[in-house]
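Engineer: In terms of my numbering, the sequence shown has 70 at position 70, counting the first letter as 1, and numbering is strictly consecutive.
I should point out that these hints are in silico values taken from the structure, not numbers from a laboratory.
Where a beta carbon is used, it is the ideal one built from N, C-alpha and C, also for glycine.
No false leads were mixed into what you were given.
In the DSS-like style, the derived pairs of lysine-lysine whose C-alpha atoms are separated by at most 27 Å in a straight line are:
#1 215 x 63
#2 84 x 213
#3 242 x 223
#4 84 x 123
#5 84 x 242
The calculated label-pair distances, taken between Cβ atoms and stated as ranges, are:
#6 187 x 116: 22 to 28 Å
#7 116 x 190: 24 to 30 Å
#8 182 x 107: 27 to 33 Å
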Amino acid sequence: MITVVKADGSREPFQRKKVFRTCLRICGSPEVAEAVSREVEARVYDGISTKEILQMVFELAAKHKPAIAHRTDLRMALSLLRSKPDFEWFIARLFEALGYRVRRNLIIQGFCVEHEVDVLAFKGGEVVYVEVKHHVQPHRYVDLDVVEKIWATLLDLREGYEKGLHSFDISKPLVATNTKLTWHASKYARCRGVDILCWNIPRGRSLEELLVKFKMYPVTILKGFNLETLYKVIDLGYMTLKELAEAEPERLSEKGLPEETARLLVEHAGKVLEAMP
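Construct the entire structure; sequences and hints are all you get.
Structural biologist: As structure tokens, then:
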């Protein structure tokens with residue numbers, strides 16, 4: 001039996017269907033995903049890492065869709081965003097896509113102390129307190145203490161509202177992260193009613209699925225450009241591939257980017273976006 005070494009060092013049996021699903025998320029074509037997964041199956045060896053398999057998938061998929069050679073995977077792209085302000089802004093934008101009105105970076109007086117709130121999301125009579133947790137290591141987990149802190153903050157904010165110290169009648173808390181939660185953190189969140197928005201949960205409305213649904217791919221998904229350049233693009237207001245693909249290279253060069261770099265950024269953003277699921 002061929003086993004695969006995961007990022008945390010644990011092993012699991014190789015499953016072609018997982019490779020198929022990964023490739024399908026990358027290219028959006030069942031035919032390409034089938035061909036790539038079968039070729040990967042023929043190449044793997046016992047003890048191969050999931051990282052090497054992912055690299056293989058990109059390499060093989062790019063033979064079918066050349067634009068894939070200009071991008072990294074979405075999970076890595078999210079980890080490359082700066083925690084503040086990029087990822088917080090990204091989560092706020094996602095809530096806007098879901099129909100919420102958002103406010104960011106608020107200081108709200110609880111009953112005991114003031115609290116910095118990353119995002120408040122409003123829709124109808126609902127007010128969601130969103131705590132944003134970003135990790136540069138995409139395989140790091142959000143621990144129990146983070147969720148405990150969110151719950152404690154919620155209680156203090158609710159008591160502050162009841163005492164007339166602020167005007168936000170918060171309905172529920174939510175932790176949003178680009179990674180995953182530990183088992184204990186997930187169990188505590190379910191018990192306390194803390195909603196979760198992470199890489200793979202909740203099913204059907206996970207971070208990955210929502211970003212694909214709304215085609216909200218961060219510009220850090222592009223390969224071939226250094227992070228300093230991509231951060232400059234974000235600072236100019238182009239957070240997503242779609243925004244960058246619709247930009248005029250001349251506008252980017254006017255803001256300090258070299259003309260050729262600006263042209264390639266817009267060109268590659270368009271090609272990669274077209275090849276996305």
